[in-house]
Amino acid sequence: MLKFENVSKVYDDGFKAVDSISFEIPKGELLVLIGPSGSGKSTTMKMINRMVPHTSGTILIDGKDTNSYVASDLRRSIGYVIQQIGLFPHYTIEKNISIVPQLNGWSEEKTKARVLELMELVGLDPAIFATRYPKELSGGQQQRVGIARALASDPDVILMDEPFSALDPLTREQLQGELISLHKKLNKTIIFVTHDMDEALKMGDRIAIMKDGKLLQLDTPEKLLHEPAHGFVEEFIGKHRIIQNPELMPVIDIMSESIITSFPQSSPEKAISLIRQRKITDLIIVDEDKTLLGIVSAYDVIKNLTTIKTIEEVMAPVEHYLQDTTSAKDAIIMMDETPFGMIPIVNDKKKVVGLVTRGSLLSAMSSQWTETEDTHE
Amino acid sequence: MNNLSIWQQLTQQLQMRWGEVLEATSVHIQLVFFSMLIAIALGVSLGILVTRVPKLSTLVLGGAGVMQTIPSLALLGFMIPLFGIGVKTAIAALFLYSLLPIIRNTYTGIKDVDPATREAAKGMGMTSAQILFKVELPLAIPVIMAGIRTAAVINVGNATLAAFIGAGGLGDFIFLGITRGIDGLILLGAIPAALLAIVLELFFSGVERWTTPKGLKAE
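Going down the list, the protein sequences come from chains A and B. Note that my numbering numbers the first sequence so that position 151 is 151, with each residue one more than the last. Note that my numbering numbers the second sequence so that position 15 is 15, with each residue one more than the last.
Think of the hints as simulated: they come from the structure by calculation, not from any bench. Here the structure is a predicted model, which means the values were calculated and not measured. Check the hints yourself; a few may be wrong.
[As the list claims (entries may be wrong)] Computed list of chain B residues with no C-beta within reach of chain A, every gap over 10 Å:
#1 V66
#2 Q130
#3 I178
#4 L195
#5 W210
[What the hints assert, rightly or not] Here are the simulated lysine-lysine pairs, DSBU-like style, with alpha carbons at most 35 Å apart:
#6 B:K55 / A:K110
#7 B:K217 / A:K135
#8 B:K55 / A:K16
#9 A:K27 / B:K134
Built from N, CA and C at the ideal position, the CB exists for glycine as well.
Just chain A, same shape as in the assembly:
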């Protein structure tokens, strides 16, 4: 869909804003460009619609060199949303959204219908807002118009340059959520520039981290967090971030590896003593290869102590267990469903590698939360 081949931007004074970067974005992806100021992230984005012309390399959209277009034609085919919003103050909201369709020579009826559709899409009632002027709207409402305006002629690619940075945190959160669902619904390719790592992790299908004009790593949020390719990436992401978002915290980081297991052939007496000794309520049953077989609750063992020979007879199958590739969030959700106060974690061969209990979950979350608090102080 969108491809950078050794693209550089060198200014006349010799400053290399972007240094030979190459990457490819598949259709429908939301790619976040992030980095400290001066990293070249905005420049990289603006080279796509030639707001900043690149000095070497090739940028291709659907296999076509962007330099083969007339600049204004290229820009009309790409949505553009900026931090300062930049609505035309002398145009009504309706007229503001109509700009690109009109430049493209759409008929009046088609434009009007499209404007109404878009206003609904971004959550602005046309009956109230169509005839208003930008200054009568709040910042959040203005940026909704900004997004509607960028979508107006149904472009495949949309560029967003820190679109929510100037908004208050509450509105920002709301618009982030709405953009995510819009993106899912419309399947647009979005290039989103931000300096806010939380925003990047929340929005991005993939995240490109830039520094000093170089692309350091381009990966999914999960991969960036677990396998930072560069010391700077790790530092920039900030270790505490994983904690803030259980979705991104691998379950193996919070599970306890010292698990108490027993074999099915074990006698009930032996099992009881183990349960008492370790002060646990349930016992995980495995075979010699540590393959998960089932679970035995202390209650069932004590109740049937005299009638059973091996604990296999009271063993229940384990319906709630997790693969070691899942996240802490999955564990939290499953903890709510399981009748036992614990979740065995297994590898791809169904061998038990660890255990998440309510207690370990809580202590993992709380210790990491306090760590986060500390780093903020």
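With chain A fixed as given, assemble chain B onto it according to the hints.
Just chain B now, kept in the frame of chain A:
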């Protein structure tokens, strides 16, 4: 005759010369109108030009500024070798005098358009001409009109000096009054000139309000 009060002199002069006053006023208006017409056409164009070619801004704004520092009477004098004596010279001088406020306000008005609006316009694929006519000029209009208003009011005052080089207008009465020592005659020229300036001021204020885009007006 000199024993009469100013008011009596004025009414007497007006009775004697009211036909001439009307004619002089009409000449005066023509001087202002034509010099302003050229000044607006050239001033706005030059103002736009310097926003497109920033290198010229020092030259154009500086040049128009220098023009402004030349005393108006002297400027009229300088024009005589070029255009001779009469209306043409007066219009040329008045035009040069009106240029600066118009160029400067056009330039400032366009320069002061929010860069975000301009960037959005460009990013949406507007050409430079579309940005100028759909965004920059409509947003700069109130400032440009203010410049034209200032120029017009100054112009009415300066146009009285046109009488010195034989271009006529309300200045005729003023100079006649000075040479003959008739205060009433001076007023006969000065009052209509002042009224004209006030009328123009009100007129252009109205135009300024009327041309200000609705989205920019304070509620």
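Structure-inconsistent hints, enumerated in ascending order: 2, 6
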